[in-house]
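Using the sequences and the hints given, assemble the complete structure.
In my numbering, the protein residues as written are 741 to 1283.
Derived from the structure by calculation, the hints contain no laboratory data.
Quantities reported herein were computed from a predicted structural model and do not represent experimental measurements.
Wrong hints could be hidden among the right ones.
No farther apart than 30 Å at their CA atoms in a straight line, the calculated lysine-lysine pairs in the DSS-like style are these [stated by the list, open to error]:
{"no.": "1", "residue 1": "K1012", "residue 2": "K1089"}
{"no.": "2", "residue 1": "K929", "residue 2": "K976"}
{"no.": "3", "residue 1": "K1111", "residue 2": "K1185"}
{"no.": "4", "residue 1": "K890", "residue 2": "K1012"}
The following label-pair restraints were derived from C-beta to C-beta distances [said to hold, decoys possible]:
{"no.": "5", "residue 1": "A862", "residue 2": "D839", "range": "39 to 49 Å"}
{"no.": "6", "residue 1": "G790", "residue 2": "F1092", "range": "34 to 44 Å"}
{"no.": "7", "residue 1": "R843", "residue 2": "D900", "range": "52 to 62 Å"}
{"no.": "8", "residue 1": "L874", "residue 2": "P1066", "range": "51 to 61 Å"}
Using N, Cα and C, we set each Cβ at its ideal position, and we do this for glycine too.
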Amino acid sequence: MTANNHQDANNHQDMVPVSRALISVYDKSGVRELAAGLAGHGVEIISSGGTARELGAAGIEVTAVSEVTGQEEMIGGRVKTLHPKIHAGILALRGVHDDELARAGIVPIDLVAVNLYPFAEAIALPGTPVQGALEQIDIGGPAMVRAAAKNFPRVTVVTDPADYAALLEELASSGGLVSMATRHRLALKAFRHTSRYDLTIAGYLRGVGQSGGALQPPAESETDTLPQRVELTLDKRLDMRYGENPHLRAAFYRVADAGQSPLADAEQLHGKALSFNNILDLEGARLVVAEFEEPAAAVIKHSNPCGAALGADPLEAYLRALACDPLSSFGGIVAFNRPVDASLAAKLKEIFLEAVIAPDFHGAALALLTKKKNLRLIRCPQAPAPGEAADRLDFRGVEGGFLAQDADTARFSEPPEWRVVTRRRPTAEEERGLRFAWRVVKHVKSNAVLFAAPDRTLGVGAGQMSRVDSVKLAVMKAQQPLEGSVLASDAFFPFRDGVDCAAEAGARAVIQPGGSVRDEEVIEAVDNLGLVMVFTGARHFRH
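Written out as structure tokens, the structure reads:
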């Protein structure tokens, strides 16, 4: 039989015995039970360092790695298992390399149980120095895991303590054998384990030096404003009931090395399981209220604000937001940037809502709201301070890839780029209205237009294919008089018709980015109407 034929036969073996196992784990959860179970099947156990001491303390017979290699640990423990008698024992093809192993005095290793130094946990600790982080980069562990996973047709590799019990059950039921299906499944998991580990390290090194480290990250070229390559490691946070529609599967994944993340770190206190659409609307609502330092409330439906408002307290803000479009608010999601108290909870109970998201809920508020069986209550950390998340990328999937852009995290009061382009300047009240409206309109789907007072939305026009239709929709949706209101538009007015419609409805001031070839025509129309117009120089399309 040729070597290739030997290998082919080996690849098609199904059940294989475990005679010799190497166990070296940082996370020692369940390791005593694993080792004891293996020893019960007559398996020789090799180990080193803390794992060997752990097993020895449990009365489990262990062969030290140094006895196998004939070499003591070196350079402060950085080199322990990097030796041919370990790696040849893991990587050898049975029936192909047997004679070579025998000449070298190497005995095959059939099972490798390894998990890695806690690099992610180390860098999550505030103030971890760069050298301290580097010391938590495991070298020998990933090498053994990858070697065992490569040779999974004959070797079993296990990296997750959660898999120990099932593995021992299989050994018990099969008389000490492991199936090809199990070896394949565990090998795939092992490669994912090392891949995630390396991506976490790469992400850390990319950012080293940006917050006081001694090393500096490699500079991007002047023409590359975004990285040439992006590594994402995602952990499943929640299984969704379904996606946008019931026939679609969905889950919520958290970026593993994202640090503090308000929505990903939020806690559900009550209610039904969250859906895909709930998560999108919760994020949309949270981002609106995060724009403001004052008590704020926002009601969101299908990713668009039905209303947003400020108030002396959250209750006043909520009532003002609800008044913008009470009909559409039915079945919506409400966000607050202050804790929910009992008086606010009593009002929230009066209509059907899908969810409420807030920094906290007072005990009396929880007692009231948890009486509504299906209402989801989400406790969410406060949003980052303005500008803290400015380097975050937003991704959107398309077939075969992803689009990426900077997150639109900029918050505006009245930056230097703002300029009044009309003869009349805004009054103090109009200025407050323009600031408020501009902060909210960026969270409305394009084409986006909204009418506002200084502390609340009055009418919202979202998602229309023409800007003048968005204005007309906002007028139609308004439940309160628009006389003396301000109008915000997420992009420029290509024609004067939108401004004419707004003026007819009662708007007295308009804020928009500017940039149309017909800007002069639009400005002239606004001057003739006696309105104010402010250009921001920044567009906020949201598709």
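Query - Numbers of the earlier hints that this structure fails to satisfy, in rising order - result: 3, 4, 6, 7
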